[in-house]
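Participant: Sequence:
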Amino acid sequence: ASTTIKPIIAGLWDNLYDDGSSDIQYMTQGASPNRVFVVQWRNIRWNGSTGGQQNFQIRLYQTSNKIDIIYGAMSTPVTPSASIGMNDQTGGSGHFLSVTPGAIPTVSSTTANNSINSITYLTNGLTYTFSPPVLNVNPANLAFGYVQFGGSSAELSYVLSGNNLSAGPILVTAPAAFGVSLISGGPYTGTVNVTYTPPTLPNTTIYVQFTPTA
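Residues in the sequence shown are numbered consecutively from 282, following our numbering.
Think of the hints as simulated: they come from the structure by calculation, not from any bench. One should not assume that every hint holds.
What the hints assert, rightly or not - Okay, derived cross-link-like pairs now, SDA-like style, lysine to any residue, Cα gap no bigger than 25 Å in a straight line:
1) K347 - G372
2) K347 - L452
3) K287 - T331
4) K347 - G329
5) K287 - T357
6) K347 - T408
7) K347 - P468
8) K347 - L437
9) K287 - Y307
10) K347 - G449
11) K347 - V440
12) K347 - Q321
13) K347 - Y439
14) K347 - N417
15) K347 - D300
16) K347 - S302
17) K287 - G311
18) K287 - Q338
19) K347 - V317
20) K347 - N328
21) K347 - L378
22) K347 - S389
23) K287 - Y439
24) K347 - G301
25) K347 - F411
26) K347 - S447
27) K287 - V320
28) K347 - N444
29) K347 - P479
30) K287 - T371
31) K287 - I451
32) K287 - D349
33) K287 - Q321
34) K287 - A312
35) K287 - A384
36) K347 - Y488
37) K287 - V475
38) K347 - P386
39) K287 - D369
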């Protein structure tokens, strides 16, 4: 369903049953810009009306955009097959995070676990935290300079690198009378696109050349 149910954050995605002893509550805690939106499932039954009672929360953090899935008291379910994780607005491979509980839990963006059937590793107080990647380009901003040789200048080079990148390419621009290139000696233009494969940009040398106007 990752291509049809989107976006979604799933603390325990299965047939959950809300009866007279259970409730689903939500509230906003704190003050802007550090508010936390909390949704809580209390004594919700998994799977169906005869299922064991479960307790968990999902917390959405303002500003940091962190997401917590927190488990409380859990009890043995009846005929379960659940999913835990999230799916973005695109869906499909590479656009979801599917958790497999374990002594050391794992997460996959290509293989969905749709058959979680035990509370063995969903212990009281367990928290799964999802933090959005911080986009880094090193250097974050680089101003051009030049070394003159008579009426011209030497070719200069800079090394650009980055990690946790999710979109691209990176655009490198040159001020007036400068040109940039990824190839030593040209061709030089006013701009150059640096391509990479997320999440990292290998060390890439950017060559800079000054062209005198007179």
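Participant: Compare the structure with each hint and give your call.
Facilitator: A quick look at each hint next to the structure:
no. : hint        : result
1   : K347 - G372 : 20 Å, holds
2   : K347 - L452 : 28 Å, violated
3   : K287 - T331 : 29 Å, violated
4   : K347 - G329 : 31 Å, violated
5   : K287 - T357 : 29 Å, violated
6   : K347 - T408 : 12 Å, holds
7   : K347 - P468 : 44 Å, violated
8   : K347 - L437 : 41 Å, violated
9   : K287 - Y307 : 21 Å, holds
10  : K347 - G449 : 23 Å, holds
11  : K347 - V440 : 32 Å, violated
12  : K347 - Q321 : 17 Å, holds
13  : K347 - Y439 : 34 Å, violated
14  : K347 - N417 : 18 Å, holds
15  : K347 - D300 : 31 Å, violated
16  : K347 - S302 : 31 Å, violated
17  : K287 - G311 : 28 Å, violated
18  : K287 - Q338 : 20 Å, holds
19  : K347 - V317 : 10 Å, holds
20  : K347 - N328 : 29 Å, violated
21  : K347 - L378 : 14 Å, holds
22  : K347 - S389 : 18 Å, holds
23  : K287 - Y439 : 42 Å, violated
24  : K347 - G301 : 32 Å, violated
25  : K347 - F411 : 6 Å, holds
26  : K347 - S447 : 17 Å, holds
27  : K287 - V320 : 18 Å, holds
28  : K347 - N444 : 19 Å, holds
29  : K347 - P479 : 21 Å, holds
30  : K287 - T371 : 7 Å, holds
31  : K287 - I451 : 29 Å, violated
32  : K287 - D349 : 19 Å, holds
33  : K287 - Q321 : 21 Å, holds
34  : K287 - A312 : 29 Å, violated
35  : K287 - A384 : 29 Å, violated
36  : K347 - Y488 : 38 Å, violated
37  : K287 - V475 : 31 Å, violated
38  : K347 - P386 : 18 Å, holds
39  : K287 - D369 : 6 Å, holds
In this structure, the earlier hints numbered 2, 3, 4, 5, 7, 8, 11, 13, 15, 16, 17, 20, 23, 24, 31, 34, 35, 36, 37 are contradicted, and the remaining ones agree with it.
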